[in-house]
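Colleague: Below are the chains, spelled out letter by letter.
Number of protein chains: 2
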Amino acid sequence: MLQSKLFTKTQQTAPKDELSKNAILLQKAGYIEKLMSGVYSYLYLGWRVHKNIENIIREEMDAINGQEILMPALQPKNIWDKTGRWEKLSEIMYQFKDRSDHLVGLATTHEEIITEIVKQHIKSYKDLPRYIYQIQGKFRDEPRAKSGLIRGREFFMKDLYSFHANEEDLDIYYKKVIESYKKIFSRCGLDVLIIEASGGTFTKKFSHEFMVLSSAGEDRVIYCDKCFFAQNKEISKNQPSKPCPSCNNPLKEDKGIEVGNVFKLGTKFSQQQDALYVDKDGKKKPIIMASYGIGLGRLMGTIVEIHHDANGIIWNEEVAPFKYHLLSLGNNDNTVKLAKKVYTTCQEQGIEILYDDRDISSGQKLQDADLLGIPTRLVIGNKTGGKIELKKRSESKTKLVTIDQL
Amino acid sequence: MLQSKLFTKTQQTAPKDELSKNAILLQKAGYIEKLMSGVYSYLYLGWRVHKNIENIIREEMDAINGQEILMPALQPKNIWDKTGRWEKLSEIMYQFKDRSDHLVGLATTHEEIITEIVKQHIKSYKDLPRYIYQIQGKFRDEPRAKSGLIRGREFFMKDLYSFHANEEDLDIYYKKVIESYKKIFSRCGLDVLIIEASGGTFTKKFSHEFMVLSSAGEDRVIYCDKCFFAQNKEISKNQPSKPCPSCNNPLKEDKGIEVGNVFKLGTKFSQQQDALYVDKDGKKKPIIMASYGIGLGRLMGTIVEIHHDANGIIWNEEVAPFKYHLLSLGNNDNTVKLAKKVYTTCQEQGIEILYDDRDISSGQKLQDADLLGIPTRLVIGNKTGGKIELKKRSESKTKLVTIDQL
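In order, the protein sequences belong to chains A and B.
First residue of the first sequence? That's 1 in this note's numbering, and the numbers climb one at a time after it.
First residue of the second sequence? That's 407 in this note's numbering, and the numbers climb one at a time after it.
Calculated from the structure, these hints are not laboratory results.
Only a predicted model underlies this, so the values are computations on that prediction, with no experimental measurement involved.
Glycine is no exception: its CB is placed at the ideal position from the N, C-alpha and C atoms.
Treat the hints with care, since some could be wrong.
[What the hints assert, rightly or not] Taking beta-carbon pairs under 7 Å as the criterion, some of the chain A residues facing chain B (in silico):
| id | residue |
| --- | --- |
| 1 | ARG99 |
| 2 | ILE132 |
| 3 | ASP141 |
Using the sequences and the accompanying hints, generate a full structural model.
Modeller: Dropping the structure here:
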């Protein structure tokens, strides 16, 4: 991609009304643009990052036999009445009337709908287990949407639902998903703490949260540096100063961002919605369920919160909008010629490269490169003597290489 | 994919309350499932088809230098007030209040939003032309949603917007998009008529519709079999019985489905929203715009309307959920062994294959294969003598081949 053809430009100044680092950096770099509180457009580079995150998640979901589907955002009230959640979620769910005066809502989650779908297809223990997921646009009427992509009113979410004939089978898959989530967050460059959580609207037990420690977080986490112990503040508020219950070392307290969660739903939904299967013994039983969520926008925002410096974003290879950022500094014939050759070679080999061929100052190009945060910068200048200066965005040292070495 | 692991099942009977062929076949085959009028879930196979259509469109948009982004569905009223379309579109746009009593709507189209975005980045004639598109979920409060995927209340749309400094440049790109659209529809297996159209909310001139002739259509088209002349009924209602104006042959009249449209917007939006650029002469001028739409669900529904027979759907190679459908008929050891070998070989070579390994009758397998409509069927039975019976879904003849020939 030629940067001269890119429709977005970087901004010199931070956007007004943004408090969070992710919103400021992503907007300065032209990755996203705010439309209203908690609602952002993903521009060309930002959408490339989002698609990379989407692909990581899709690969890992497919690897644990998830079958991808897409359920609608628009929902009729009657299905949500079956579980009483139309009322329960009315604070955060956009609910309104259509032209025929029917009440409809925009889904904040899809347990009710997937249960309705699944009961049309799963009738017998032979049809179990099944794993179904989607990557789909969700809506939440958030009261405080001040954290950029971390708390959006419209955002993509990966929601996986699993269906089982017994608890043991659920346990095995639940653990598989936890391992899958670890891979996803690791590929996104994030260290996570896994926390046994309070369960939200679903259950008081059997749910886990994946927490990234960050000053931008809205949760509080108590954890131990020496072992895997971690709890959220809500659970542990009665015992703040105790030492770690597993290793007796002192506990730390920090802010955290919840980037994913997993819930054992049990038979809550299947009982209320009559999602039954015939078991080996010929008896009808409610299907045992679990749900597993990751917010994609939140994940992207968290990556920026964790990986940036004073000059801009620092993407890792897997999520970066391009792998290489080529800068030609100076108008020397040989400089331009070599830069074009590097660009063309990369294009031919299918290597994702952004080539800053703009007619602007070297200083501005270098500044923009730091802001955009593409992992490997290649500089060709009048002074690099026919070689290419290679620099990782995450490191300060540079290295001169020839085109062949590259 | 093992069909025994697929969570969806085919249905023997047609769904209630569906009038359109696409909704009936796609639901019987387990591709989609109705949630409410005009709102469907895409199940595993259906979402694979939708993603294939998405990829065709993305490839063709990228080939004409489109830069992909994603704009939100949720929209604040104030931006739509700038063009007066909040009122104008209020009949079909879902409009409601959020928790802070602000009016918001769900986008039916994105001209206002893209214009707001673009004016932050395009300042000079040097920044033009630019081509920006998205593939994004849209909402329309349709009064009559009886045509399955062809008229949805929630659906994905590809909307491309182009921005130019002068009319000549717009004309060149407008023609390029028309050629691109022809490729898209051809890759989807559809013949289209291109019609100079009345323009809807935008303009009385300078717009074209892409029409597929079908009894399921909601439009009426007058066209000539001998040349490229075609008009929609609205334009031609005063002159129904005249011969073709270009070749004088008799005209035909048929129903048609509009699968795409292209509009020259001119400066309508840029003037109302102050999207100006500085031209070579140093003067500020409104950016010249065009927009180009394709509904993905509608396209999928239209493909089914055109390509089916009494037994089911007939997908082409490019959009089919799988390229091959392997059926093992009979439990003979050699049969099962050969089937597994074919399946494993395809898997290893990355060939998309659905393997019907279910423990059901041969008749049911053959019936389901016709209903699902995967382009090439491979049958291995006790009677195929160690060979594979190959049959195209679109043809009736079969051919026996060895695994090596395959």
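Colleague: Give me the numbers of the hints this structure contradicts, sorted from smallest to largest.
Modeller: Those not satisfied: there are none.
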